[in-house]
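Number of protein chains: 2
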Amino acid sequence: GVPVATRKPGDEGPAEQLRRRFRLHPAQVVVVGFMAAIAAGTLLLLLPGMTAPGRSTSFVDALFTAASAVTTTGLDSVGTATHWTFLGQLVIIVMTQLGGLGILVSAALVGVLLARRLSLRTRLNAAGEFRAEGFTDLRRLVRAVIGITLLIEAVVAALLFLRYVTHYGWGPGKAVWNAVFTSISAFTNLGFTLQSDSMMGFVGDPFVCLPVCAAVILGGLGFPVIVQLWKEWRHPLRWSMNTNLVIVGTILLLAGGWAYLTAVEWSNPGTLGPLDPATKVLAGFFASVMTRSAGFNTVDIAAMSSESWFAIDVLMFIGTGPASVGGGIRITTFLVLFFVMLAELRGEAQVNIFGKRLSRAVHRQAITVVLVAVAAVVGPTLLLLQITESSLDRILFEVISAFSTTGMSTGITPELPDSAKVVLVLLMLLGRVGPLTLGSALILRDRRILYEFPRERPVVG
Amino acid sequence: GVPVATRKPGDEGPAEQLRRRFRLHPAQVVVVGFMAAIAAGTLLLLLPGMTAPGRSTSFVDALFTAASAVTTTGLDSVGTATHWTFLGQLVIIVMTQLGGLGILVSAALVGVLLARRLSLRTRLNAAGEFRAEGFTDLRRLVRAVIGITLLIEAVVAALLFLRYVTHYGWGPGKAVWNAVFTSISAFTNLGFTLQSDSMMGFVGDPFVCLPVCAAVILGGLGFPVIVQLWKEWRHPLRWSMNTNLVIVGTILLLAGGWAYLTAVEWSNPGTLGPLDPATKVLAGFFASVMTRSAGFNTVDIAAMSSESWFAIDVLMFIGTGPASVGGGIRITTFLVLFFVMLAELRGEAQVNIFGKRLSRAVHRQAITVVLVAVAAVVGPTLLLLQITESSLDRILFEVISAFSTTGMSTGITPELPDSAKVVLVLLMLLGRVGPLTLGSALILRDRRILYEFPRERPVVG
Ligand SMILES: [K+]
Ligand SMILES: [K+]
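Line by line, the protein sequences give chains A and B.
Heads up: the first sequence at position 322 corresponds to 932 in the working numbering, and the numbers run straight through without jumps.
Heads up: the second sequence at position 191 corresponds to 801 in the working numbering, and the numbers run straight through without jumps.
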């Protein structure tokens, strides 16, 4: 019953050819793609020459590392800095880059495919979203995603390289490798580093911290927002509701997390306590940015207070913008629900956001995303409470970190039993493809029911 | 702009007179009523003769106990069994009974007032809900609530009395007082007992446990369901969506909690471990029933495993039926969101529940109730993590227990600092009046906006 626009076969990209041959839903192509990438990465990491001398890699740890890299989560069960050889680290960062690009490209693909398959009115809306950004052709879209990604990563890597060479006196080889690795790891929101203490050595250095923060924030905005900002930064009035929500939400979450974490950790001797005030403020900002979904750290997360962990849980769960390298339920989902609540409490018939009316169908989508996300956190938390000896605060942190592909940890990852690691692998995969897959599956289905039941309203709350 | 039906002044009950005189919203009458009852209870409990010899009652503990009783939460900061004299216990159980009746009556009142103030179509629906139960007159409604309450309490008290006298050989005075106290405490979902170990002495006695369970379950169904069951138990096809949702949800939650808690605690030496299999199954059932919102216990909750605590958190958060003595977001809210998700995943245009179509306005109400509830749990949890030394699992349990007016505890209540007790008092009050007040405030406001913004759908999830 859904109208399909007539197109020439030459228009098809490889993903759409695959989908057509195996009669797969585009969202299923995405899932299969990620699983294949994780499988390939696992096998690569088990090859000789990947593991550092004197160490050995179990199958589960290889799987865990590959899943962590491809989904750009960055949870680390072995210690990336010392466990792998240079070759192993290269495999990890290439997997991450492919994973990150795969996320952005597949988001764009699914978006364009959707625009072709929807009912006329919806198609006009969706096409408008992309037209606003000046992209009507699939190939140009993919090229733009890759181009913008490489450009941002190159700029951040150059800034880091200069700082490493001029201030820390590193040799050019080490500086280039570290700058490139860190830059990719930041923009793809991976969060792996080549230092075993993450970024703790740079806690007071804004010339390292701020470029990394910028890359993380840009990566978390999501492709549609980045492209619109790129093309139309002079014309904020033309920005879509999606762009406005992501930008306002990002600013609010960053500011809130910055103020809360800085205040709570201010005199904690294990974290901000020993630092001077300017460094405390910088480290608080860095920690807040990393909850978006990157997972670097300049202070010891294991030493943070329990209330900081819980606050970070909330921030990670909300996550980043849609069609981004980040995770969580998405800033838009959270804000949509918030504006629905606001309209309801004000008794307004429609939900209006920044001078535009919210489509009613989005209410149901947002409810669905949140319920699935809650189930994805509650279920594995109950499981991990049972199969490990850790406490609720650490397990909830680990589970939300995996689901939101953030990759921060209170330090329990290496000690987890294999069964718990497998649960986290599934959670990372679900967190990465879940909301996207779900979202597209939701939009694609458009079955009509021709009869109507009598309407009724039960009492809620 | 809301139409008000013409009525004779003689129709007005005292609550409506109060509302009219002070220009209060009916929901505000409810809030003021509960606050006044808590204030009066606090003063009463501070009078001489209430506290047992050799003990003293601080202002905060009196406030906490009064709030706990009036909201029928049952959190206990002093030890009801030993801290109070007989007179003190009498004050507590009378406060509970009034609080419990107040909840049921005010729910009915607000419901009837709403039915008079809504737009025609909505009014017909709401009136239908009450008409189905055979009540069109306010005074008959209130009388029915009180009558059914006293009848159920009398039957349960009689069963308990017989068991106490015949099996335990208690004297008639002790048996009557204990049976009446327990019965009221069960049906109003309070959860206070006259034994300092709650119901642990009766862990293997189905003749005590099952009547208590029955009273708790009936109390948690909510008044509209009880009345409809009473009048139309032979005609399930006439039951409203509300009744169907509450009954199906209660059965599912009871069965799920029973299976999970029994399995997880089966060999825990601190809880079910030492018991014989039949007693384990009974105690598992009892624990599951008490999560509805009663808070009695026959096994030591403090000794339960962390995963049981977290599972109980989830069950308490969902809570009971609307317009009941229980709490939480309500079973209906949870199931409505679940059915919305199901319809969305199936790609259905409408949300159909048990052969009836769900009103779209309910989506927004459910979102609102859940967001407020989440905020009411997350905020105080962050606060209590800061002002106490307890761990997340215990604090989350305590906060959800207070918000859902369940009153189970891992044992930290008496050791909490005064500031934390005040936070819990506010949470109990919010949990008791919140969803109800909110719900009615939502339905009463019906402002129309005469212009429309262009529609847009952001990407969620
Ligand atoms: K990450
Ligand atoms: K209770």
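Note that these hints are calculated values from the structure, not bench results.
It cannot be assumed that every hint is accurate.
[Said to hold, decoys possible] Looking from chain B toward chain A, a few residues come up when the C-beta cut is under 7 Å (computed):
#, residue
1, ARG974
2, ILE977
3, ASP1003
[To be verified] Pairwise CB distance ranges (calculated):
#, chain 1, residue 1, chain 2, residue 2, range
4, B, GLY989, A, ILE997, 27 to 35 Å
5, B, GLY989, A, ALA913, 18 to 26 Å
6, B, ALA646, A, GLY989, 40 to 48 Å
7, A, ILE997, B, PRO887, 19 to 27 Å
8, A, ARG970, B, LEU700, 47 to 55 Å
9, B, ILE997, A, MET645, 22 to 30 Å
10, B, GLY989, A, ARG665, 40 to 48 Å
11, A, PRO663, B, ILE997, 26 to 34 Å
12, B, LEU772, A, LEU952, 49 to 57 Å
13, B, ALA971, A, PRO1027, 41 to 49 Å
[Claimed, not checked] Incomplete in silico selection of chain A near chain B, CB under 8 Å:
#, residue
14, SER916
15, VAL924
16, HIS973
17, ARG974
18, GLN975
19, THR978
20, LEU981
21, VAL988
Note that the Cβ used here is the ideal one computed from N, Cα and C, for glycine as well.
Status of the hints after comparison with the structure:
1. ARG974: holds, 5 Å
2. ILE977: holds, 5 Å
3. ASP1003: It holds, given that the least Cβ distance between B/ASP1003 and chain A is near 4 Å, below 7 Å.
4. B/GLY989 / A/ILE997: 27 to 35 Å: holds, 31 Å
5. B/GLY989 / A/ALA913: 18 to 26 Å: holds, 24 Å
6. B/ALA646 / A/GLY989: 40 to 48 Å: Holds - the Cβ-Cβ distance for B/ALA646 and A/GLY989, about 43 Å, lies within 40 to 48 Å.
7. A/ILE997 / B/PRO887: 19 to 27 Å: The hinted range 19 to 27 Å holds for A/ILE997 and B/PRO887, with Cβ atoms some 25 Å apart.
8. A/ARG970 / B/LEU700: 47 to 55 Å: holds, 54 Å
9. B/ILE997 / A/MET645: 22 to 30 Å: Violated, at about 46 Å.
10. B/GLY989 / A/ARG665: 40 to 48 Å: For B/GLY989 and A/ARG665 the Cβ distance comes to about 45 Å; the hint holds.
11. A/PRO663 / B/ILE997: 26 to 34 Å: Violated: the Cβ-Cβ distance is about 51 Å, outside 26 to 34 Å.
12. B/LEU772 / A/LEU952: 49 to 57 Å: Once the Cβ atoms are compared, 55 Å apart, the range 49 to 57 Å for A/LEU952 and B/LEU772 holds.
13. B/ALA971 / A/PRO1027: 41 to 49 Å: holds, 48 Å
14. SER916: holds, 5 Å
15. VAL924: holds, 6 Å
16. HIS973: Constraint on A/HIS973 satisfied, holds at 5 Å.
17. ARG974: The hint holds - A/ARG974 has a Cβ within 8 Å of chain B, the shortest such distance being about 5 Å.
18. GLN975: Check passed: Cβ of A/GLN975 comes within 5 Å of chain B, closer than 8 Å.
19. THR978: Holds - the Cβ of A/THR978 comes within 8 Å of chain B, reaching about 4 Å at its closest.
20. LEU981: holds, 5 Å
21. VAL988: Since the shortest Cβ distance to chain B is 6 Å, the answer is holds.
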